[in-house]
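Participant: The residues making up each chain are set out below.
There are 2 protein chains.
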Amino acid sequence: MTTSAGSSRPPYPEHTGPGRTDDRTANRSGKDADAVRALEVADAVEVLGLVASVEHQAFARLAEDSRQAPGLEQSLALSRLAACCTERRDRVLARIEELGGDPATALARFDGLLTEFDVRTPSSTWAERLLKAYVGYGVADDFCRLVARGLDEESARLVADVLDDASRTELAVGELDRACAGDDVLSSRLALWGRRLVGEALGVVQRVAQRPEVARVLARAGASDSTDGEASHVAARESVAQAPATVFNELTAEHTRRMSRLHLTA
Amino acid sequence: MTTSAGSSRPPYPEHTGPGRTDDRTANRSGKDADAVRALEVADAVEVLGLVASVEHQAFARLAEDSRQAPGLEQSLALSRLAACCTERRDRVLARIEELGGDPATALARFDGLLTEFDVRTPSSTWAERLLKAYVGYGVADDFCRLVARGLDEESARLVADVLDDASRTELAVGELDRACAGDDVLSSRLALWGRRLVGEALGVVQRVAQRPEVARVLARAGASDSTDGEASHVAARESVAQAPATVFNELTAEHTRRMSRLHLTA
Numbered sequence: 001m002t003t004s005a006g007s008s009r010p011p012y013p014e015h016t017g018p019g020r021t022d023d024r025t026a027n028r029s030g031k032d033a034d035a036v037r038a039l040e041v042a043d044a045v046e047v048l049g050l051v052a053s054v055e056h057q058a059f060a061r062l063a064e065d066s067r068q069a070p071g072l073e074q075s076l077a078l079s080r081l082a083a084c085c086t087e088r089r090d091r092v093l094a095r096i097e098e099l100g101g102d103p104a105t106a107l108a109r110f111d112g113l114l115t116e117f118d119v120r121t122p123s124s125t126w127a128e129r130l131l132k133a134y135v136g137y138g139v140a141d142d143f144c145r146l147v148a149r150g151l152d153e154e155s156a157r158l159v160a161d162v163l164d165d166a167s168r169t170e171l172a173v174g175e176l177d178r179a180c181a182g183d184d185v186l187s188s189r190l191a192l193w194g195r196r197l198v199g200e201a202l203g204v205v206q207r208v209a210q211r212p213e214v215a216r217v218l219a220r221a222g223a224s225d226s227t228d229g230e231a232s233h234v235a236a237r238e239s240v241a242q243a244p245a246t247v248f249n250e251l252t253a254e255h256t257r258r259m260s261r262l263h264l265t266a
Numbered sequence: 001m002t003t004s005a006g007s008s009r010p011p012y013p014e015h016t017g018p019g020r021t022d023d024r025t026a027n028r029s030g031k032d033a034d035a036v037r038a039l040e041v042a043d044a045v046e047v048l049g050l051v052a053s054v055e056h057q058a059f060a061r062l063a064e065d066s067r068q069a070p071g072l073e074q075s076l077a078l079s080r081l082a083a084c085c086t087e088r089r090d091r092v093l094a095r096i097e098e099l100g101g102d103p104a105t106a107l108a109r110f111d112g113l114l115t116e117f118d119v120r121t122p123s124s125t126w127a128e129r130l131l132k133a134y135v136g137y138g139v140a141d142d143f144c145r146l147v148a149r150g151l152d153e154e155s156a157r158l159v160a161d162v163l164d165d166a167s168r169t170e171l172a173v174g175e176l177d178r179a180c181a182g183d184d185v186l187s188s189r190l191a192l193w194g195r196r197l198v199g200e201a202l203g204v205v206q207r208v209a210q211r212p213e214v215a216r217v218l219a220r221a222g223a224s225d226s227t228d229g230e231a232s233h234v235a236a237r238e239s240v241a242q243a244p245a246t247v248f249n250e251l252t253a254e255h256t257r258r259m260s261r262l263h264l265t266a
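Chains as they are written, first to last, in the UniProt record's numbering: chain D, 1 to 266; chain R, 1 to 266.
Just so you know, these hints were derived from the structure itself, not from any lab.
Please note: incorrect hints may appear among the correct ones.
Stated by the list, open to error - Examples of chain D residues toward chain R, derived with CB under 10 Å: (1) Cys-85; (2) Thr-86; (3) Ala-94; (4) Asp-111; (5) Leu-114.
Claimed, not checked - Derived list of chain R stretches under chain D, where covered just means 3 residues or more per stretch with a C-beta under 8 Å from a C-beta of chain D: (6) 52-61; (7) 71-84.
Built from N, CA and C at the ideal position, the CB exists for glycine as well.
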């Protein structure tokens with residue numbers, strides 16, 4: 001990993017000759033650029049760790065969904081979705097390694113991310129379980145997509161590519177839509193359940209968005225649409241404060257759109 | 001699927017003309033051959049269903065192992081093994097479809113195959129859990145390999161290929177070997193656990209081997225080494241009775257070899 005260790009470098013003889021001041025100035029701005037790059041890489045590793053962790057946890061959940069599925073066809077489909085998660089996660093972990101980060105450490109930073117969410121939203125039926133996954137992954141994927149826009153080009157493209165897979169929502173949409181058709185009681189119960197789920201999911205997002213690394217990338221994401229280069233860092237710092245509000249608006253809009261695919265009120 | 005429905009074909013005019021007797025004889029031996037082929041295909045679908053079911057159940061177990069793993073590296077490795085199972089299972093299911101069988105029906109015939117095995121062998125530590133998977137999958141894979149020798153060439157090759165993957169034993173061997181090194185108490189406790197596991201696993205094999213479809217393929221497997229063509233069916237029918245003993249000898253020998261890799265007494 002590129003680090004800013006150079007800033008503690010002792011003054012070697014070659015830095016004490018003529019032109020010392022110029023060298024020092026050049027050196028300082030070089031060091032500043034190094035420090036900015038090092039920070040960006042560390043932030044990217046953190047965000048990629050988040051994406052990989054979401055996929056790793058999705059694997060375990062989908063595998064359990066597969067085991068609990070009421071039918072064999074669903075069980076097969078869910079196991080395939082779970083298998084896809086491991087592949088997606090591993091692609092993200094490979095990128096972390098490319099950036100000089102440690103995949104296991106990056107993943108471990110988000111260990112138990114969804115434990116509280118799970119404790120607070122125990123699903124009691126198969127439909128509730130499906131909707132929980134649909135809403136939960138929906139919000140998680142949307143958030144990861146949003147943050148990823150603030151990453152370096154290659155990482156951003158990778159995350160967008162990894163998350164561009166509708167297959168895991170298709171299954172839930174198909175089944176829930178069928179289950180709700182003509183069953184107003186189930187529909188309104190699930191609509192209520194969806195509101196509770198999105199509230200809890202946004203609570204998780206709020207905690208994650210407050211991590212300094214994530215907050216910085218999120219700010220860069222907001223800034224990257226209008227500015228670039230050095231200027232974006234200034235813009236980024238300025239937009240840290242207002243980023244969360246925009247993020248929540250976008251996540252809520254996406255959630256509403258997602259619920260309407262099920263013909264449920266968000 | 002090729003069926004023997006032809007045997008109930010009504011006597012059409014063309015079968016009542018001159019040369020009728022010859023036609024009928026030709027027809028009967030053609031029908032016999034059709035019936036033999038239909039039976040072989042049905043047997044193959046049953047055996048492939050067994051292999052696919054073992055992989056599908058292995059997926060769920062490995063996914064749960066991944067969730068319970070004491071370390072992140074193990075959790076990652078186990079999730080990758082689980083993902084492989086879905087791919088292997090799907091390749092076998094595709095072959096069932098090629099043969100004209102219904103994948104879901106074939107799988108469903110082995111639903112809950114390992115439920116009793118699980119109830120009778122609850123593991124209480126991570127080492128016990130690893131050994132259970134190592135011994136259990138070991139016996140299951142060996143049995144599937146043995147039976148598959150009696151399938152048509154393409155199915156036999158597929159099963160051999162699908163099961164030719166040492167990766168899921170490597171993890172258990174590495175960890176258990178490390179855990180047992182210098183710990184005689186754990187070693188002897190696990191050796192005892194291994195004996196209990198193999199006993200229960202062979203009990204499952206015994207029940208599966210008694211299914212008529214499996215027994216026939218097993219008999220063909222025993223016969224296929226020495227004979228071929230029509231003669232093999234006669235040999236197969238004759239060796240149905242002695243097949244189980246040979247199978248159990250082979251499975252026990254493989255189990256002993258497997259335990260010795262862990263430096264444990266079988």
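Participant: For this structure, which hints from the list above don't hold up?
Facilitator: Result: hints 3, 5 break, sorted rising.
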